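Residue numbers (our numbering), protein chains in the order written: chain W, 441 to 536; chain V, 441 to 536; chain A, 441 to 536; chain G, 441 to 536.
One or more of the hints may lead you astray.
No distinction is drawn between identical chains; accordingly, a pair holds when it is met within one copy or between any pair of copies.
Using 30 Å as the maximum straight-line C-alpha spacing, the simulated DSSO-like pairs for lysine-lysine come out as follows [unchecked claim]:
{"id": "1", "residue 1": "Lys-498", "residue 2": "Lys-469"}
{"id": "2", "residue 1": "Lys-490", "residue 2": "Lys-474"}
{"id": "3", "residue 1": "Lys-490", "residue 2": "Lys-469"}
By construction, these hints were calculated from the structure, which means they are not laboratory data. The model shown is predicted, which means the values in this text are computed figures rather than measured ones.
There are 4 protein chains.
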Amino acid sequence: MIVAELSMITMGTGTSASRYVRAVHQVLKESGLKFVPGPMSTSIEAGSMKEIFEVVEKADAVLAGMGAGRIVTTIKIDHRLDKEISIETKMEAIRR
Amino acid sequence: MIVAELSMITMGTGTSASRYVRAVHQVLKESGLKFVPGPMSTSIEAGSMKEIFEVVEKADAVLAGMGAGRIVTTIKIDHRLDKEISIETKMEAIRR
Amino acid sequence: MIVAELSMITMGTGTSASRYVRAVHQVLKESGLKFVPGPMSTSIEAGSMKEIFEVVEKADAVLAGMGAGRIVTTIKIDHRLDKEISIETKMEAIRR
Amino acid sequence: MIVAELSMITMGTGTSASRYVRAVHQVLKESGLKFVPGPMSTSIEAGSMKEIFEVVEKADAVLAGMGAGRIVTTIKIDHRLDKEISIETKMEAIRR
């Protein structure tokens, strides 16, 4: 399992971003991937990097379709090879 | 109010980070700032950038004291001048 | 054209990262994409997000093959829809 | 020595960012810190985290003064405790 953090900022669309964030969440919902919205970014759990990247490409196309003139996307991916991780195991580890 | 997202990765300390993440949370707890741990980073709410930076400097010193040979810190700050924001108002806006 | 910034940190491999950064650069070289190494990350120019993502997946596999137990990848993508951009046009704009 | 990477995105100011990036560079110039502009962010070298943070606070105030309604700042800091680093030593290590 891979855990990632996604933020997509649209420029040229005013100071409010919530309409665009909700559109990205809609794409995530349709992807079937588990995701947890946060105040600064959205956490996503996936079986592979490819699944994350496919959903980001779709979200980018949706934001472009909404009229965004510039999209700044930040993806941070935690790929752990020595053990299985998930959003849940990561949250448990820091609560312990 | 300023909302920020903080991640501190220690290198030279193995693949597990949870001990260090919990130490950063302890510094945040002592600071009195509101914070919400997430699977990839911690969200923080503060009155000013300076408050965020002071807590990061303290956390860096704590991680150094724990023997970290290298600390890679990422801070993302949302400073909104056109309206008041908080972790709560940001979460509400994207849930709407 | 899309301009991106890539950083890949391996954990469980000591404090030195240069061997891994050079391996990522080798993958970039073989991809044919234009890239500019920097002190904190590598800038990449590509025709699409997909090209960036394919090279990141390859680099991740190479780092895994080198024995990295955990790989933390950060990709920041600037996708501008209102005009053509490149590493060169972006550097010119800020030098003006 | 600490090496950092800084990006400041203004929202509500259209799709072009170069005017704001140049203003941040002006603040860096006045600070006396060594910095290297890149296509996606600016690398900075400083003696301490505090020096980085002071310059970011000044840059934030300058962007606010230019009318930015929202400023999204990302700072990534490489603090190495096991040996001296600089922008130059980091660039040399990856070129080797």
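Comparing the hints with the structure gives:
no. : hint               : in the structure
1   : Lys-498 to Lys-469 : both (12 Å within a copy, 27 Å between copies)
2   : Lys-490 to Lys-474 : both (15 Å within a copy, 22 Å between copies)
3   : Lys-490 to Lys-469 : both (17 Å within a copy, 21 Å between copies)
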